[in-house]
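I would like the entire structure built from these sequences, with the hints used as guidance.
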Amino acid sequence: MENLVRHRYWWFAISLLAIVPGLYFLLLNPLITTGSFAIGLRPSIDFSGGSMWDLRFPGKVATDVTTSAIADIFAKNGFEGAQVQLSSVDVNGTATVEVLVRTVALSATDPNSQIAAVTNALKTTFGDVTRERLESVGPTVSQESTRSAIIAVLGASFAILLYLTWAFRLAPHPLRYGVCALIAMLHDVLLVLGVAAILGTFFGLEVDALFLTALLTILSFSVHDTIVVFDRIRENLINRRSGELFDNIVNHSVVQTLPRSINTQITTLFTLTALLLFGGQSIRNFIAILLIGLISGTYSSIFNAAQLLVVWEHREWRNWFRRGNPDEDQPAVPA
Amino acid sequence: MRSRDLYSLLLIVIVAGVALFINFSPSQSFLSRDVRFHLGLDLQGGIQVLLRTTNAAATKDDVQTAAGVIERRVNGLGVGETVVQVAGNDRIIVELPGVENPDQAVETLRGTGRLEFIDPQGQYIPTGTVVRTTGDPNPAKLTNTNPVSGTATLTNTVPTGPIYQSITDGKDLDTGAVQPAFSQGGTLGSRPAVAFAFKGNSARSLEQFTSSNVGKPMCIILDSEVVSCPTINAALPNGSGIIETSKPEDRDRILNQLKYGALPIPLVVETSRTVTATLGQASVSTSIVAGIAGLIVVALFMILFYRLPGFLAALALMVYTVISFAIYRLIPITLTLPGIAGFILSIGLAVDANVLIFARLREEYRRGRDIRTALERGFEESWPAIRDSNVSTIITSIVLFLFGNSFGVSIIKGFAITLFLGIVVSLFTAIVVTRTFLRLAAPVFSEQNAWLFGIDRRSTPSETATTAEAI
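Residue numbers (the numbering used here), protein chains in the order written: chain H, 59 to 393; chain E, 1288 to 1758.
These are computed hints drawn from the structure, not numbers from a lab.
Any given hint might turn out to be false.
[Stated by the list, open to error] Reference listing, derived: stretches of chain E covered by chain H, where coverage requires no fewer than 3 residues with Cβ under 8 Å from a Cβ of chain H:
(1) 1310-1318
(2) 1507-1514
(3) 1549-1561
(4) 1575-1583
(5) 1637-1647
(6) 1664-1672
[As the list claims (entries may be wrong)] Quick list of simulated restraints, FRET-style, between CB atoms:
(7) H:Gly136 <-> E:Pro1467: 50 to 60 Å
(8) H:Leu335 <-> E:Val1417: 49 to 59 Å
(9) E:Gln1495 <-> H:Thr183: 46 to 56 Å
(10) E:Ala1729 <-> H:Leu85: 49 to 59 Å
Note that beta-carbon positions come from the ideal geometry of N, C-alpha and C, so glycine has one too.
Listed below in structure tokens is the structure:
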């Protein structure tokens, strides 16, 4: 436990184990199941366009309503291929059927008559219907959002890299800190995207604007954690005793910041768990993704970012394809 | 030194006092400013639409003018706390929280408000028919502007039907003369109506046409749709007259659209989000529970783990909460569900700075420094880490804000704003407030009650181990 740096390849292996299943569902699964290359995420209407209807049928129980009957009504009113999802919500103590219907976007020029037609048809068949939420995103905006989402993630990463390189300008090799923080960040992004792909494949989780928010928050929190560790390394490097190994400095710094990392993680876990339990249905996925990402962020800052600095210091990649254990292959003299 | 701390304490008490007053002011106002919470669409229900112009040649100025017209129409609707905002080059975001009939409201805003009179060639065209006129031969309502997505097929791309001769030009409408009116007599009795008047060429041609076609029908067209086709009883002098409607709601809509001028560019609904108030109400109460639960658990954790400093940090956390809420009310910041999540998440950040400082304080004390030095060094040494880590979060919140702002995703914007404010306020409370509290508490400290501060001189096993390794 004490020498965290010595076991760095174990930490990397754990990261790989956590990321690879997600990557499979993100990249390979769509290729295997559909035969064409695609990203294994389910984009919500925010990114793919379309509309989402949240309907409730007061006084009805789940058996009164069928997905095919609802899809039929939508199809007859100009929404072919509607995807219907049934669930039950608790309204003032009585179970009510809630229906989520995803269709193509509403007409840009005359949405109201479309809405009225569908609502009237539903009322004729099922009696009382309330429309709790109706969101429609047109194709122009959804395409642009997708593009800007990518720009937002890349832009934020680049800005953070620049800032880190600047903040660590006094330490030797400032760029290394930025790059290692970014790799740790990439670790978290891949893990979260992978989890989203798995949840999307099995539970229909959709990637929406809120997911992007969660992702960017995870990025910043991951860097936040990494900086705290790096800051300690920087400080310990400045006060370095002669002959002190870089490995030991990194290990020392990680151990010193460990209580803080754990405590901060615990407090964030508390607040997020409170949100998860009481925070309302509509942000539940958002909070769950944040929770996974923040745990990953803390792990990656301690077990990836700091460890990568050591790998870089020894240029260990030169040993990766040689025979033998890389741990026994360390140079005796500090670099 | 001591007096400086007392001044800081005084400042903190004043700031917290003002913040408390803002939060609990019985009149819900501060310095004659309304300080009620502004709730977003997801919390109080309402509609948000993103309007986009279909006119590719539209300039930013046109969009700006259109936004101005819409803003006046929105105010005409009499809904509070509305937002009308230009986004990008061709979009306008409109938010109407708490509006009762969202569909109708959107129709009122979006309608171009272009009033035309046409010569129907002796026919009475039914109300609601979309017609082609010389003023607008290819109305958007006839062309299917819907995207070809999924199974939808493009139909009716080329509008057919006769093109009617426009007698007036919508641009010549005298908006000052548009007023509510009642039509007198007739077979249908008194009905709601809108009075109007044209200027310039349109006034002359309307007068001419009506005087030479008495007894024949003439159709009134609003945004390419037939409002009515009355029979001309007499010439309309100076191009002024009234438009009869069958319902007061129609009258209000036409009035609103004409009074504030026509939109310079046609607009379509690109994106719309409607939420009912009931769904939002449930979210408000659950978020409050989540916030309180989060705060209590974090405070308990800090007290158990860091004892007196933890208690002071929990106190600072309360100051943080009170100040944050006061700022939300003052600016005001529209609270959304993710916005509240952003606030609750920033509680974690606020505590993080204190955790860093206290961990440092423990270390410094173990190195044999006295409590005051350990305290000061704890703050000084942890500052670079706190600064750098918070800057990276600020960068992200700015990126999120820009993203949310340009696409009308107000929920993301809300999150970004509360997260940003959370960082700024938490820096103040975690550093200034906690530091002042701790400095004032320092004289209480003695070797005997070191447990109260959660610190001791004993080296932890990890410390010895790493030192041994280093040697």
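Ascending list of hint numbers which this structure does not respect | Hints 1, 2, 7 are the ones this structure does not satisfy, whereas the remaining hints hold.
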